[in-house]
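A.B. asks: Chains D and X, in that order, give the protein sequences.
Take the first sequence: its position 39, counted from the start at 1, is 38 in numbering that gives the first Met the number 0, and no numbers get skipped.
Take the second sequence: its position 189, counted from the start at 1, is 188 in numbering that gives the first Met the number 0, and no numbers get skipped.
It is possible that some hints are incorrect.
[Stated by the list, open to error] Calculated lysine-lysine pairs in the DSSO-like style (CA-CA distance at most 30 angstroms, straight line):
1. K314/X <-> K354/D
2. K566/X <-> K18/D
3. K352/D <-> K251/X
4. K571/X <-> K354/D
5. K520/X <-> K211/D
6. K314/X <-> K234/X
7. K314/X <-> K369/D
8. K365/D <-> K518/X
9. K520/X <-> K352/D
10. K234/X <-> K211/D
11. K335/D <-> K314/X
12. K339/D <-> K234/X
13. K314/X <-> K352/D
Bear in mind the hints are in silico, worked out from the structure with no lab data behind them.
Being a predicted model, the structure only gives us computed values, none of them experimental.
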Amino acid sequence: MTITSNIGLYVHVPFCIRKCRYCSFLSFPCNEEKLLTEYSNALIREIRTRYEEWPYRIIDSIYIGGGTPSLMPGNDMAKVVNEIKENFVVSDDCEITIEANPATLTDEKLRAYLDCGINRISIGVQAFDNTILHFLGRAHDKNDAINAIRMSKKAGFDNVNIDLMFGIPGQTMKMWRDSLRQSLFLRPEHISLYSLQIEEGTPFYDMIYVDKMVSETPENMDRAMYNEALMMMDDAGYHHYEISNAALPGFESRHNMKYWSYQDYLGLGPGASSFIGGHRFKNCEKVSEYLKYIKAGMPPVKPENVEEYSVREEMGIYVFTGLRKTEGFNINDFEKTFMKDFFDVYDYSILEKFKGFIEMDGMNLKLTRKGLDVSNKVMAEFV
Amino acid sequence: MSDYRKYIRNFSIIAHIDHGKSTLADRIIEKTGLVSKRDMREQFLDNMDLERERGITIKLQTTRLVFRSKDGNEYIFNLIDTPGHVDFTYEVSRSLAACEGAVLVVDATQGVEAQTLANVYLAMDEDLEIMPVLNKIDLPSARPGEVREEIEDVIGVDASEAPLVSAKEGIGIEELLEQIVEKIPAPEGEENAKLKALIFDSYYDNYKGVVIYTRIFDGTVKEGDIIRLMNTGKKYEVTEVGTYSPGPVECKSLRAGEVGYICASIKQVADARVGDTITLADNPTEEPLPGYKKVQSMVYCGIYPAEGEKYENVKDALEKLQVNDAAFRFEPETSTALGYGFRCGFLGLLHMEIIVERLEREFDLGVITTSPSVIYKVVKTDGTVEMVQNPSNLPDPMEIDHIEEPMVKADIMVPKEYVGSIMEICQDRRGKMLHMEYITESRVNLHYDMPLNEVIYDFFDALKSKTRGYGSLDYEFSRYEPSKVVKLDILLNKDMVDAFSMIVHESKAYARGRFVCEKLKEIIPMHQFEVPIQASIGQKIIARETVRAYRKDVIAKCYGGDISRKKKLLEKQKEGKKRMRQFGTVEVPQEAFTAVLKYDDNK
């Protein structure tokens, strides 16, 4: 896996068929094609504005996430991608990913994606179990998910990711194993695994903590599920390269790795975050406000959404993001980035303090298998 | 009588908390034109932020006002404020001793409360003229007729002419002021007699030293006089005398009947004790004024610097607070769990809370407080007696013949529908009912004999909670009584944490032990290993809970590269860690120390 100093581009599409019950991300229900087309035009304008800010940077990964980007008509999406290519310098081997909800995929859309150069598709499966899907409030069922993966492969996608979720209230170990088996049988090139997080402000939060209708998955169950998945994926030849991600060799996501390797990325669309040229900022979250900025031809970033961190804080970010990779991060790279001795910044005793949770592997500092389960405890020490 | 005294009125306003004393004082000040409406802060006399927030008066304020009456004369009103809480009864009584009359404010919607009564009795003890006023008359729920009867029945003062006022709306204030002139007697005394003046409050000023609030009963005092404080015997030279209106205004002398301040380069508030008598060193009066007593701390607790806080900083702050608060005392002590800290004595639980809050707010210090304790009288087998207020200092059980605990007489006033639940919580706290009386058809005064230990724990919270805030409490120390109390220890991962130790009655030990273990289980985060929490009496374990070892702590998805969101989450986690206290291998959040003291409604 090579990591270049090229930038990754993130494009946010904050619309969904409906909001899932666990979702705390920036997305709104939308079923009007007209609005989606209008939104794609706004993105196009942002691309032009942004290019003027960051000219001549080579882009080697584009990630269109959401929300549900596959909700947008295929030709509108193609226009967005083409606009990126026309403005920025996009490398020939650029990884271009689009997130898709199984209920929204059609042959026509897949065709349009491939034609404009999208070469990776990430399908939000979550589970191959209708009870669980219904409980999550997903807009698709098990068969939709299987069809979506088959259709994508048939249309010509040779790099498919599926998202799976575990630790869902009511999900048994057997259900989880069945979902994993079904996944491995369909053999996507990449699998993302997420432990369900109950976020405040979601219907799930109220269901669990306020109305107490269902109870949270016990932690040992959650960890047993995680373990089970790692074992099954390992047996099937997948490489577990980051806390929540595994891939067949050579299919590790370049875009994902940028976040964890202190690489530059630029975010487009409301609420999208950027880390570029040493600056961290976030686009405004309100769609209406975002549109106002775009219409005025201005970058949609409010001054309060620019984060200024000290060098020491940036070091902390370097470490905690780096620790998400199973191979960890190279201490020499850290020292080259900050021109400071790692063990001057963080005392040696930290290795002793978290013995069994972090370790040195050559020049790399990484979490142990046990450390992955409690990564925040360790990471918090470095921020 | 000298002419000037005819135009002086010295009075206090007494009331139950929330009955509008401070608002009424504001109106009076405004009406007499001392402070323009524009400069008027809410509740002028409560000048500590804390007081304004809590709606109670902690520190006294005294103000000299000028009122032009309908009779054409100008009168000097000395309005002497009183602290509004049961912990400060002695200070209240000394303030009242400086007056000839008391304006009794009664909320026309609520009627007479326990503290109203307590304050009225104090005023009666000082032979004051009591002048009732009905406040909050603007509220639709006001029932002046009934409340008037209540005042006459319960207190036995004539309320037929009580002015109907609304301090909030400024209704009836003029009439109230005229009545003060009419009803409250002018001070007596002889300005050429030997000096006899009462200290009713004092505070520390960085430039002037201790500023004494005083009421002159006889004689005159002026700059240059050498005064003697009769109970401490110390002598000082007067550097300044004056009055407050409301800022200090220097004057030539203070004469019999007047109220004002004296500065005499006194270094500690504790040297100018409330209740002491001031006289002249070379021409002293024969008898000091009656009623002086040295205030006693009733409640003790340990105060320790929180993690990362310096011992010296806490010490400096405590010293500064003590300079201004004669009732607060402290001395160094050490705890195996918390290290170096201080044992502090307070008048009561509220006084303790106020000191702790001031440390945090005014000095920006993080402190940990241990379980409050009363003073136990330990009679040893060899016949000697030890006074113990720190559970860690309790002698070996083999050496103890018996232990006595302080008892109080508590008056609890509640609407009758709550009598049942109050009797329950009192019984639960080992209270013995002495008698019960109906003040009116709907209100009851319950007299209880109770251990102070139970009152300081969570009684006030329980009372308020069970009576929806309508219950009120007043108590005073009565005596020591033999009692079966034991020392309850808490062990974390098998190690005793002395800061959690407490002395409790045998009958309560199991319940308290269980409660503390359960609370700690909720608060102590999961560790990399199991943490047993145990409560024990001596070697015997009486309760146990276990904090499980943690297994999962990850944030799975990082949305759209939002590293800042994740960074903030991790920082929060780290912040939480900082406020932890390390005991051996176990980390305990600081809030644990207060949480184990809180009243639990579901209990």
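A.B. asks: Taking the hints in turn, state whether each one holds.
C.D. replies: Hint check results:
Taken as a hint, the K314/X and K354/D pair is broken in the structure, with Cα atoms around 39 angstroms apart against an allowance of 30 angstroms. Between K566/X and K18/D the alpha-carbon distance is near 26 angstroms, which keeps this suggested pair within the 30 angstroms criterion. Restraint check for K352/D and K251/X: the C-alpha separation of about 71 angstroms exceeds 30 angstroms, so the hint is violated. Only pairs whose Cα atoms come within 30 angstroms are accepted, and K571/X paired with K354/D is accepted, the gap being roughly 23 angstroms.
A hinted pair counts as satisfied when its Cα atoms are at most 30 angstroms apart, and K520/X with K211/D qualifies at roughly 21 angstroms. Under the criterion of a C-alpha separation no larger than 30 angstroms, the hint pairing K314/X with K234/X is consistent with the structure, at around 29 angstroms. With a C-alpha separation of about 45 angstroms, the suggested pairing of K314/X with K369/D is violated against the 30 angstroms cut-off. Note on K365/D and K518/X: the hinted pairing is violated, with a Cα-Cα distance of about 37 angstroms set against a maximum of 30 angstroms.
Only pairs whose Cα atoms come within 30 angstroms are accepted, and K520/X paired with K352/D is accepted, the gap being roughly 24 angstroms. Simply put, K234/X and K211/D have alpha-carbon atoms about 70 angstroms apart, too far for the 30 angstroms limit, and the pair is violated. Between K335/D and K314/X, the direct Cα distance comes to roughly 47 angstroms. Violation of the 30 angstroms bound is thereby established for this hinted pair. Taking the CA atoms of K339/D and K234/X, the gap is about 66 angstroms. The hint is violated against a cut of 30 angstroms.
In summary, the hint linking K314/X to K352/D is not supported, as the alpha carbons are separated by about 33 angstroms, beyond the 30 angstroms threshold.
Consistency with the previously given hints fails for numbers 1, 3, 7, 8, 10, 11, 12 and 13, ordered from lowest to highest.
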